[in-house]
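Protein chains: 2
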Amino acid sequence: MIDRNDEQFLTETLTFWPHLNPVEQLQLVENTFAARFSRGDVIHRGDEDCAGILIIKSGGLRTYMLSEDGREITLYRLSPGDVCVLSSSCVLSNITFDVHIDADLDSEILMIHSEVYAALSAQNIYVENFSYKEAVSRFSDVMWAMQQILFMSFDKRLANFLIDEIARTGSNDIPMTHDQIAKYIGSAREVVSRMLKYFASEGYVALSRGGVKVIDKIRLRALVHK
Amino acid sequence: MIDRNDEQFLTETLTFWPHLNPVEQLQLVENTFAARFSRGDVIHRGDEDCAGILIIKSGGLRTYMLSEDGREITLYRLSPGDVCVLSSSCVLSNITFDVHIDADLDSEILMIHSEVYAALSAQNIYVENFSYKEAVSRFSDVMWAMQQILFMSFDKRLANFLIDEIARTGSNDIPMTHDQIAKYIGSAREVVSRMLKYFASEGYVALSRGGVKVIDKIRLRALVHK
Numbered sequence: 001m002i003d004r005n006d007e008q009f010l011t012e013t014l015t016f017w018p019h020l021n022p023v024e025q026l027q028l029v030e031n032t033f034a035a036r037f038s039r040g041d042v043i044h045r046g047d048e049d050c051a052g053i054l055i056i057k058s059g060g061l062r063t064y065m066l067s068e069d070g071r072e073i074t075l076y077r078l079s080p081g082d083v084c085v086l087s088s089s090c091v092l093s094n095i096t097f098d099v100h101i102d103a104d105l106d107s108e109i110l111m112i113h114s115e116v117y118a119a120l121s122a123q124n125i126y127v128e129n130f131s132y133k134e135a136v137s138r139f140s141d142v143m144w145a146m147q148q149i150l151f152m153s154f155d156k157r158l159a160n161f162l163i164d165e166i167a168r169t170g171s172n173d174i175p176m177t178h179d180q181i182a183k184y185i186g187s188a189r190e191v192v193s194r195m196l197k198y199f200a201s202e203g204y205v206a207l208s209r210g211g212v213k214v215i216d217k218i219r220l221r222a223l224v225h226k
Numbered sequence: 001m002i003d004r005n006d007e008q009f010l011t012e013t014l015t016f017w018p019h020l021n022p023v024e025q026l027q028l029v030e031n032t033f034a035a036r037f038s039r040g041d042v043i044h045r046g047d048e049d050c051a052g053i054l055i056i057k058s059g060g061l062r063t064y065m066l067s068e069d070g071r072e073i074t075l076y077r078l079s080p081g082d083v084c085v086l087s088s089s090c091v092l093s094n095i096t097f098d099v100h101i102d103a104d105l106d107s108e109i110l111m112i113h114s115e116v117y118a119a120l121s122a123q124n125i126y127v128e129n130f131s132y133k134e135a136v137s138r139f140s141d142v143m144w145a146m147q148q149i150l151f152m153s154f155d156k157r158l159a160n161f162l163i164d165e166i167a168r169t170g171s172n173d174i175p176m177t178h179d180q181i182a183k184y185i186g187s188a189r190e191v192v193s194r195m196l197k198y199f200a201s202e203g204y205v206a207l208s209r210g211g212v213k214v215i216d217k218i219r220l221r222a223l224v225h226k
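First to last, the sequence lines map onto chains A and B. The opening position of the first sequence corresponds to residue 1 in my numbering, with each subsequent residue numbered one higher. The opening position of the second sequence corresponds to residue 1 in my numbering, with each subsequent residue numbered one higher.
Just chain A, with the same shape it has in the complex:
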C-alpha cells in the first residue's frame, strides 16, 4: 500500500489508468509498494526472480546483460518517471531474455506486484499494450547501445560517454573509476585506462584518484563527430 503522493504519481505515470475500472484501480494501488535502494544495490538478477513492474520516483537504474564469465554490457539507464517492464519478463510472454538491474544512484522506486499486474494485463488490452509499448522503447535503447558497441571506434565511444556524462550531471567532474566506466561502455578496464591516458596526454581530460575531469570539451566533442 502506498501514500496519496505515490498514488498520484502512479496514476499519472501509468497512462492506461483511465481505462481501468474502479475495482482494477483499487487492486493496482493495493499491490504497489514503495522501496528504497542505495547506489550499487542489485534490484533484479536475471531469471532468478520476477521483480514486478518498477516505476522510478527518484534516482536512477542501470540495466545490463551479464555473460557466464561475469562480463557486463550496459543496455540502458532509467530515470525518474521511467517504467521498467523488463524486470517482469514473467509478465510479457514473448520476452525470452533476462536482464540485470542495479541502482545507479540512491533511488526511490514503486514496485507493482508481478502476478497482479500480469492478471490485469491479461484482462485489459490497455494494460497489455502499455507494457509492450514500454518494452519497445527499451528495444530502441538497446539497438542504440548495440550500434555503439559493435560499430563505433573505441576513442569515439569513450569520448561520447564522457560528453554524455557531463551533460547529464552538469559537472565536468566524473567521479567514476576506470573499471566503472568500462562496465558502462561494455569494454575492459585496461582498454579504458589506456585511452584515458591518451586523452590526458592530448589535454582533453585530467585524471585523478577520484575520477576523470573533462578539460577540453570542444576537442572531445570534435572527436565524437570526426
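I should point out that these hints are in silico values taken from the structure, not numbers from a laboratory. Every value quoted in this text rests on a predicted model; they were computed, and no experiment measured them. Treat each hint with caution, since some may be false.
Listed below are the simulated DMTMM-like cross-link pairs for lysine to aspartate or glutamate, each with C-alpha atoms no more than 25 Å apart in a straight line [what the hints assert, rightly or not]: (1) K156/B x E68/A; (2) K156/B x E72/A; (3) K156/A x E68/B; (4) K57/B x E30/B; (5) K156/B x D216/B; (6) K57/B x E7/B; (7) K156/A x E72/B; (8) K156/B x D47/A; (9) K156/B x E72/B; (10) K156/B x D98/A; (11) K213/A x D155/A; (12) K156/A x D47/B; (13) K156/A x D98/B.
A partial selection of chain B residues facing chain A, derived with a Cβ cut-off under 8 Å [what the hints assert, rightly or not]: (14) T96; (15) Y132; (16) S137.
We put the beta carbon where it would ideally sit given N, CA and C, even for glycine.
Fit chain B to the known structure of chain A by using the hints.
Then chain B, alone, in the frame of chain A:
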C-alpha cells in the same frame, strides 16, 4: 488488392482481424499487395523508405544492421507466417532505429500499405497492440543475437551456426561462401575461413568451392555445449 487465398492467409495471420469492423477489414484487404523477391534482393533499406508491414508467405528474409563503413550484423531471420513490423518504424512512433531487410531466399510477401496500417493502428488498440507485440518478439531475437556476438567464443558461434543451418534445411550441405557466413554471424571473412580450415583439419566439416559440408555433427555439437 489480393486474391482469395492471400486474403485468407492475411486474416489468419493478423490475429487482430476479428476486432476490426467490416469497413476496417475492407480497407486492409484493399491496401495489401502481393510481391515476389529473388534471393539477394534488398527489400528495405534503413531510413530511406517505409516499406509497410511485411507478411512472409514463402521463402525467408534476413534483417540486419549496417555500419557506416559497410559492415553487416544479422539480427534475425523471418520465415513463412512471420510478420515484420520493423520495416515500418514510421508506424511505431517509439522505434527510433532502422534496420535493413534482404530476401534470404526467393520469397513471396504480402505488403500492407504503411499509411493505411498506421491509421488503423491509431484508431484500433488491437492493431496497435499486435504491432508492439510483434516488435517485442523481435527484441528477444535481437538480444539472443547480441549475446552470441558479445559473449560467445568464436568457435562455439561458428559451430552453432552450422548446426542451426543443417537443422533448418535438413541437409548437411551448406551452400554458402565464407563471406556470406561471416555476414550471418557478424564476423569477418578471414576469421571464418581460418576457423573453418581448423574445423576441416579436425574432421568436423569438409570444404569445397560450393560451400561447407558437415561431416561430424556429434563432435560439432559437443563444441557448442563445451
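Taking the hints in turn, this is what the structure says about them:
1. A distance of roughly 14 Å separates the Cα atoms of K156/B and E68/A; the hinted pair therefore holds under the 25 Å criterion.
2. The straight-line distance between the Cα atoms of K156/B and E72/A is roughly 20 Å, inside the 25 Å bound, and the hint therefore holds.
3. Straight-line distance between C-alpha atoms of K156/A and E68/B comes to about 14 Å, which keeps the hinted pair within the 25 Å bound.
4. A C-alpha spacing of about 18 Å is found between K57/B and E30/B, which places the hinted pair at or below 25 Å, so the restraint holds.
5. Of the pairs offered as hints, the one joining K156/B and D216/B holds, with about 15 Å between alpha carbons and a cut-off of 25 Å not exceeded.
6. Between K57/B and E7/B the alpha-carbon distance is near 12 Å, which keeps this suggested pair within the 25 Å criterion.
7. Note on K156/A and E72/B: the hinted pairing holds, with a Cα-Cα distance of about 20 Å set against a maximum of 25 Å.
8. Distance restraint check for K156/B and D47/A: the Cα-Cα separation of roughly 23 Å lies within the 25 Å cut-off, and the hinted pair is therefore satisfied.
9. Simply put, K156/B and E72/B have alpha-carbon atoms about 20 Å apart, close enough for the 25 Å limit, and the pair holds.
10. Only pairs whose Cα atoms come within 25 Å are accepted, and K156/B paired with D98/A is accepted, the gap being roughly 21 Å.
11. Restraint check: the Cα-Cα separation between K213/A and D155/A comes to about 17 Å, which is no more than 25 Å; the hinted pair holds.
12. Of the supplied pair hints, the one linking K156/A and D47/B holds, its CA atoms being roughly 23 Å apart against a limit of 25 Å.
13. Restraint check: the Cα-Cα separation between K156/A and D98/B comes to about 21 Å, which is no more than 25 Å; the hinted pair holds.
14. Evaluation of the T96/B hint against chain A yields a held restraint, the C-beta minimum of about 4 Å falling below 8 Å.
15. At a threshold of 8 Å, the smallest CB-CB gap from Y132/B to chain A is about 4 Å, leaving the interface hint in force.
16. Nearest Cβ of chain A to the Cβ of S137/B: about 5 Å, under the 8 Å cut. The hint holds.
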